[in-house]
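18 is the number of the first residue of the sequence shown in the numbering used here; add one for each residue after it.
Treat the hints as calculated values from the structure; they're not laboratory data.
A portion of the hints provided could be inaccurate.
Label-pair ranges, simulated between beta-carbon atoms [said to hold, decoys possible]: (1) Leu100 to Leu176: 28 to 36 Å; (2) Asp102 to Ser218: 20 to 28 Å; (3) Gly177 to Gly205: 32 to 40 Å; (4) Glu80 to Asp102: 15 to 23 Å; (5) Ala44 to Ala104: 28 to 36 Å; (6) Gly210 to Gly48: 33 to 41 Å; (7) Glu184 to Arg22: 31 to 39 Å; (8) Gly48 to Arg98: 33 to 41 Å; (9) Arg22 to Gly150: 36 to 44 Å.
Model, not experiment: these values are computed from the prediction.
Cβ coordinates follow ideal geometry from the N, Cα and C atoms, glycine included.
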Amino acid sequence: MDDDRREWVRTREAFTRAAGWFVETTAGAAGRWDEPALGEWTVRDLVGHTGRALSTVQRYLGEPVDTVEVRSPVEYFRRVRVLGDPAEVARRGREAGTALGADPAGAVARLAGEVTTLVDGADPDALAATPAGGMRLADYLPTRTFELTVHTCDLAAALGRPLDVPEAAAAESLSLIGSLAVQGARAGALLRGATGRGLPSGFTVL
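Put together the whole structure using the sequences plus the hints.
Put into structure tokens, the structure is as follows:
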């Protein structure tokens, strides 16, 4: 197996494990959909927002694009940071939560099954029409793993569940966090925080 193929297998594995953990954690939210979760979001809203890390893969692969404009996950996050509107993100999360219907856990499980099957059969060089610009699936998918992993951590914390992040998803997400910190000149603060020295108020690599 060549290096590119090995990397694609690893990328798919991380995404699949993150999706599976999201499904499992969501299944434990039964009867708690209206409880507070993250900021202004309820548990349902947070699940809806997190589910967009799955549904956008379906949507963006289905939209025509013929040019690669964004060449790495780090570049993607740098671009969407400028484009993002917190109020719009919050609104979309609430709408996505409502769209999950009477059985949010079942809807999430079905969506995860559809999307992981799609990814398993996809060409890593297939182009996705992301809000930041055209991207190879192999470069876009780690951003979805990151979103699934971080927000499933949020969901688990809101539900009082252990933060048992799957190893493959954790490794990929932490690698991306490190790259974002380096590119954003925040590596020193991150290293201090990760080794018990504390983080500056409001610190983020995004």
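Hints versus structure:
The supplied range of 28 to 36 Å is met by Leu100 and Leu176, whose beta-carbon atoms lie about 31 Å from each other. Distance hint for Asp102 and Ser218: a CB-CB separation of about 23 Å, consistent with the stated range 20 to 28 Å. A hinted range of 32 to 40 Å holds for the C-beta pair Gly177 and Gly205, which are about 33 Å apart. Taking the beta carbon of each, Glu80 and Asp102 are about 21 Å apart, inside 15 to 23 Å as hinted.
At roughly 30 Å, the beta-carbon separation of Ala44 and Ala104 lies within the given 28 to 36 Å, and the hint holds. With their beta carbons about 35 Å apart, Gly210 and Gly48 fall inside the hinted range of 33 to 41 Å. The given range of 31 to 39 Å is broken by Glu184 and Arg22, whose C-beta atoms sit roughly 21 Å from each other. The supplied range of 33 to 41 Å is met by Gly48 and Arg98, whose beta-carbon atoms lie about 36 Å from each other.
The hint said 36 to 44 Å for the Cβ distance between Arg22 and Gly150, and at roughly 25 Å that hint is violated.
In the structure shown, a violation is registered for the earlier hints numbered 7 and 9, in ascending order.
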